[in-house]
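**Q** Listed in order, the protein sequences are those of chains G and H.
Everything in the first sequence is counted per this note's numbering, starting at 1 for the first residue and increasing by one.
Everything in the second sequence is counted per this note's numbering, starting at 98 for the first residue and increasing by one.
No lab work stands behind these hints, which were simulated from the structure alone.
Here the structure is a predicted model, which means the values were calculated and not measured.
Don't be surprised by glycine CBs; every beta carbon is placed ideally from N, CA and C.
A portion of the hints provided could be inaccurate.
[Said to hold, decoys possible] Residues from chain H that face chain G, not an exhaustive set, calculated with beta carbons under 10 angstroms:
#1 D168
#2 R176
#3 S222
#4 P252
#5 S427
#6 A430
#7 G431
So the chains spell out like this:
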Amino acid sequence: MPAETHVAQGPIGPDEVYRILRERLAEILEIDEDRIKLESSFTQDLDADSLALIELVEALEEELGERTVGLRIDAEDLGDLGTVQEAVDYVVARLGS
Amino acid sequence: MGTQRITVAVDAMGGDKAPGEIVRGALDAVSELGVDVLLVGQENAIEPLLPDGRRVPGVALEHAGEVVGMDEDPAAAARRKKDSSLVRCAQAVREGRAQAMVGAGNTGATMAAALLRMGRVRGISRPAIAVPIPVPAGTRHQLLIDGGSTVDCTPEWLAQFARMGREYARTRLAVDEPTVGLLSNGEEPGKGDELRKRTFSLLEKVPGFNGNVEGRDLMHGTVDVVVTDGFTGNIVLKTLEGALRAAVELVFGVLDSTPEAKEAGKVVAPLLLDAAAVFDPDLTGGAVLLGVDGVCVISHGSSSARAIVNAVRVAQECVETGVVGRLKESIDAG
Chain G
1 MPAETHVAQG PIGPDEVYRI LRERLAEILE IDEDRIKLES SFTQDLDADS LALIELVEAL
61 EEELGERTVG LRIDAEDLGD LGTVQEAVDY VVARLGS
Chain H
98 MGTQRITVAV DAMGGDKAPG EIVRGALDAV SELGVDVLLV GQENAIEPLL PDGRRVPGVA
158 LEHAGEVVGM DEDPAAAARR KKDSSLVRCA QAVREGRAQA MVGAGNTGAT MAAALLRMGR
218 VRGISRPAIA VPIPVPAGTR HQLLIDGGST VDCTPEWLAQ FARMGREYAR TRLAVDEPTV
278 GLLSNGEEPG KGDELRKRTF SLLEKVPGFN GNVEGRDLMH GTVDVVVTDG FTGNIVLKTL
338 EGALRAAVEL VFGVLDSTPE AKEAGKVVAP LLLDAAAVFD PDLTGGAVLL GVDGVCVISH
398 GSSSARAIVN AVRVAQECVE TGVVGRLKES IDAG
C-alpha cells in the first residue's frame, strides 16, 4: 500500500493552490483578494507578519490536507517564502513530494 | 428547562505546579462552580490525582501525548505540538466539546494555540490579554490591556485593544461607559515615543478616551481601561507584583522590629492580611485573551488550585455573559 498522498479529488495544480492561498490570505489579512498577486511580497506589499504567515500555513494545511492527506508545511521554511509566487511554488512542490 | 452546564477545558500540564495543583483546582471548580471540566493532559500523570480514577462526576479526561514547555517558542510549539494538552484544549473549544479553556502554561503558546485553533475575531489583527488590576480603595478593578500577548504593536492594534478592553469592562466589570487611558510617560498628548504619539491620535476617536495616563495612575482607578503594548504591559504587571511584595515585606518587617511593634502587630497584621488579599494573584481570577473567537483564560504560571478555580470562574462568567459575542458585535458596529 503506498503512502497516504494524492488521494482525494485529483491533483492540485499551481492555479488551484494560488486560488486557495489568495482566498485564505485575504481572509487572514482582511484585505481584498485583488490586492494579492503572484509577485506580491508578504511583508512589503501585504504587511503580513510572521504570525499571519503561520495562520496562512495552518489554513493551507487544513484545506489542502482534506484533499491531500499528510500535507505538512515546515515552520522553518516560512522565513524563506518572500512572495506569493514562492509560497505557491513551495506548496506545489510539497504536494508533489 | 434547566440551563446546560458549561464545560471548561483545563490544560492539566500547564504551569509550574502542574499537574497536581491544576487538577486539584479543576476538581474544586466542578464542585464549587457547577461547571463540567475537561481535563486535558497525560493520562498517566492525571489519573493518579483523581479521587476515583477518571470516574469523577463532571470531570472528563482527554489524553494528550505532548506538553508545551514554558521556554518553548510559542508559535512553533502551537504549530508542531498538535497533540499537546494546550493545543488540544483550544481544539476542544473549536469543536464545541468545551465552551472555554483555561491554561497556566506558556502564555505566548496559549495565545498562538487559541489564535490558530479558534481563529480571530474579524476586525481584530492581534489578540490581547486583559488583566484585572485591583484598585485597593474599593471593590472595582482596572483593566490593563495588553498584559503580554503581543509584544510589538502598531498604533492600529493598540486602538483595537482599547475597543476590546472597553467592551470587556462593560460586560465583565459592569461599567456602563468605561474610560480609557493610554499608558505613557506623561499626561500631555505630546508625551511618549512614536508608537504612543501615533496611537494617541487614533484613540481620540475611541469613546471614553481620557488621554494619557502614567504608571502612578495604575491601581488608582483614574481610568477603567489602561492600554499599552504587550511588552510594556508585561513589565508593568511584574513591576507591580515585585513592588507589592516589597511593600508587604517592609510593613511586616516593621511590625516585627520592636516589642511594641510586635504588640501592635497582633492587632494590625490580621487586618493587613485581609486587606492585602486583593493583591493576591491567585484570587484575581486569571486574564482573558481577547480577540480570539472563543473564551481563553490565562492564569499565572505559578497558579495554585485556588487560582485555577478562579480562572475557571472567569471562564464561566465569560461564557454566561457572552463576552465573545458582544465583542464581535461591538467591533462590527465600529
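**Q** So which of those numbered hints doesn't the model satisfy?
**A** Failing hints, ascending: 1, 4, 5, 6 and 7.
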